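**Q** Protein sequences appear in the order of chains A and B.
If you're matching positions, the first sequence starts at 1 in our numbering and goes up one per residue.
If you're matching positions, the second sequence starts at 1 in our numbering and goes up one per residue.
Rather than coming from a laboratory, the hints here were simulated on the basis of the structure.
Please read all numbers here as calculations on a predicted model, not as lab measurements.
Hints are not guaranteed to be accurate.
Said to hold, decoys possible - Once the Cα atoms are required to be at most 27 Å apart in a straight line, the calculated DSSO-like pairs of lysine-lysine come out as:
#: 1; chain 1: A; residue 1: Lys-87; chain 2: B; residue 2: Lys-44
#: 2; chain 1: B; residue 1: Lys-8; chain 2: A; residue 2: Lys-84
#: 3; chain 1: B; residue 1: Lys-43; chain 2: A; residue 2: Lys-84
#: 4; chain 1: B; residue 1: Lys-55; chain 2: A; residue 2: Lys-216
#: 5; chain 1: A; residue 1: Lys-58; chain 2: B; residue 2: Lys-55
#: 6; chain 1: B; residue 1: Lys-44; chain 2: A; residue 2: Lys-119
#: 7; chain 1: A; residue 1: Lys-74; chain 2: A; residue 2: Lys-63
#: 8; chain 1: A; residue 1: Lys-63; chain 2: B; residue 2: Lys-44
#: 9; chain 1: A; residue 1: Lys-87; chain 2: B; residue 2: Lys-8
#: 10; chain 1: A; residue 1: Lys-74; chain 2: A; residue 2: Lys-27
Stated by the list, open to error - Now the stretches of chain B that chain A is said to cover, found in silico as 3 or more residues with beta-carbon under 8 Å:
#: 11; segment: 14 to 21
#: 12; segment: 28 to 38
#: 13; segment: 50 to 62
For each residue, glycine too, the CB sits at the ideal point set by N, CA and C.
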Amino acid sequence: MMKIGNRTFQSRLLLGTGKYPSYDIQKEAVAVSGAEILTFALRRMNVFEESQPNFLEKLDLTKYALLPNTAGAKNAEEAVRIAKLAKASGLCDMVKVEIIGCSKTLLPDPVETLKASEKLLELGFTVLPYTSDDVVLAKRLEELGVHAVMPGAAPIGSGRGIINPLNISLIIEQSKIPVIVDAGVGSPKDAAFAMELGADGVLLNTAVSNAEDPVKMARAMSLAIEAGRLGFEAGRMAMKKYGEASSPASGLVTS
Amino acid sequence: MNIQLNGKSIDVPDDIGTLQDLLVWYGLQDRMVIAELNREIIKKETYQSTALTEKDILELIHFVGGG
Chain A
1 MMKIGNRTFQ SRLLLGTGKY PSYDIQKEAV AVSGAEILTF ALRRMNVFEE
51 SQPNFLEKLD LTKYALLPNT AGAKNAEEAV RIAKLAKASG LCDMVKVEII
101 GCSKTLLPDP VETLKASEKL LELGFTVLPY TSDDVVLAKR LEELGVHAVM
151 PGAAPIGSGR GIINPLNISL IIEQSKIPVI VDAGVGSPKD AAFAMELGAD
201 GVLLNTAVSN AEDPVKMARA MSLAIEAGRL GFEAGRMAMK KYGEASSPAS
251 GLVTS
Chain B
1 MNIQLNGKSI DVPDDIGTLQ DLLVWYGLQD RMVIAELNRE IIKKETYQST
51 ALTEKDILEL IHFVGGG
């Protein structure tokens with residue numbers, strides 16, 4: 001069970017809703033993923049053209065918690081504006097603070113993320129900042145009172161997996177709030193690895209939506225996250241330098 | 001009346017006086033829409049009583065897929 005703010009969730013997979021090949025595939029992928037938290041972005045409606053089907057409007061909102069992001073914001077002020085608009089929908093009080101500081105790498109701006117998180121906490125939001133894997137920054141965010149910290153595994157949409165597992169594990173070790181590894185996860189192996197390090201959850205989008213079979217990958221991610229979590233809870237064996245036989249050394253049939 | 005809607009300058013017919021009228025005009029009255037008028041968020045309950053005036057800057061926002 002994962003607790004964020006005053007809500008608890010059975011699933012530790014947070015799923016993004018962007019870039020799926022079709023609505024039907026997306027619907028099925030979301031269903032088999034078991035995810036209870038879905039991320040969204042806010043954009044202007046295309047009021048001047050025939051409207052396209054909107055995934056959110058077709059969703060059973062009693063089953064899912066919405067986690068709008070502030071993607072598109074370049075500074076704290078813009079992020080706060082987007083978060084307020086999201087809350088005005090009446091559909092959510094959580095927000096993923098996402099302030100991109102570099103258009104090429106899409107890495108987050110730590111200074112603006114900190115500022116926006118502080119302001120949004122003042123305004124009563126449940127705040128989940130997407131951050132770089134900086135250990136001190138994660139600490140500073142926790143001290144502000146954010147409800148979870150979401151360090152990136154690798155740049156958004158890069159699918160490179162956890163580039164700095166040491167930093168991620170140091171963040172997990174120091175944090176009393178949930179740590180959700182967000183962005184850069186490419187395969188079930190990466191998701192399982194994050195969970196084995198002790199992460200409370202994994203947020204991913206492109207790894208599923210850009211898979212050859214997004215529905216199958218959604219299921220794979222769900223299983224990987226569950227397996228990784230169980231492995232973490234079970235406590236892995238110590239690593240050794242040399243081999244150690246699993247079969248008894250005594251009573252050998254051969255002399 | 002001329003207003004700016006989602007970054008575009010548009011001419012609105014005279015019989016459209018409120019935000020609700022405008023949403024109906026665009027067929028958006030039943031859609032999940034968030035309205036921001038001159039940088040102020042407008043609550044759904046007040047769409048009917050929110051008058052539009054010349055040079056207003058209106059943003060109609062919704063949720064789209066994102067990570």
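**Q** Confirm or reject each hint.
**A** Against the structure, the hints come out as follows:
With a C-alpha separation of about 12 Å, the suggested pair Lys-87(A) and Lys-44(B) falls inside the 27 Å cut-off, and the hint holds. Only pairs whose Cα atoms come within 27 Å are accepted, and Lys-8(B) paired with Lys-84(A) is accepted, the gap being roughly 23 Å. The straight-line distance between the Cα atoms of Lys-43(B) and Lys-84(A) is roughly 12 Å, inside the 27 Å bound, and the hint therefore holds. For the suggested pair Lys-55(B) and Lys-216(A), the alpha carbons sit about 51 Å apart, so the restraint of at most 27 Å is broken.
At roughly 35 Å between alpha-carbon atoms, Lys-58(A) and Lys-55(B) are farther apart than 27 Å, so this suggested pair is violated. The suggested pairing of Lys-44(B) with Lys-119(A) holds, with an alpha-carbon distance near 25 Å, which does not exceed 27 Å. With a C-alpha separation of about 32 Å, the suggested pairing of Lys-74(A) with Lys-63(A) is violated against the 27 Å cut-off. Annotation: proposed proximity of Lys-63(A) to Lys-44(B) holds, straight-line Cα distance about 23 Å (limit 27 Å).
Distance restraint check for Lys-87(A) and Lys-8(B): the Cα-Cα separation of roughly 25 Å lies within the 27 Å cut-off, and the hinted pair is therefore satisfied. For the hint pairing Lys-74(A) with Lys-27(A), the CA-to-CA distance comes to about 31 Å; that exceeds 27 Å, so the pair is violated. A count of 0 residues in the segment 14 to 21 of chain B with a Cβ less than 8 Å from any Cβ of chain A is obtained; the coverage claim is therefore unmet, three being the minimum. Check result for the segment 28 to 38 of chain B against chain A: holds, 6 residues qualifying (beta carbon to beta carbon below 8 Å, three or more required).
With a cut-off of 8 Å between beta carbons, the segment 50 to 62 of chain B has 4 residues touching chain A; three or more are needed, and the interface restraint holds.
Comparing the model with each earlier hint shows violations of hints 4, 5, 7, 10 and 11; every other hint is respected.
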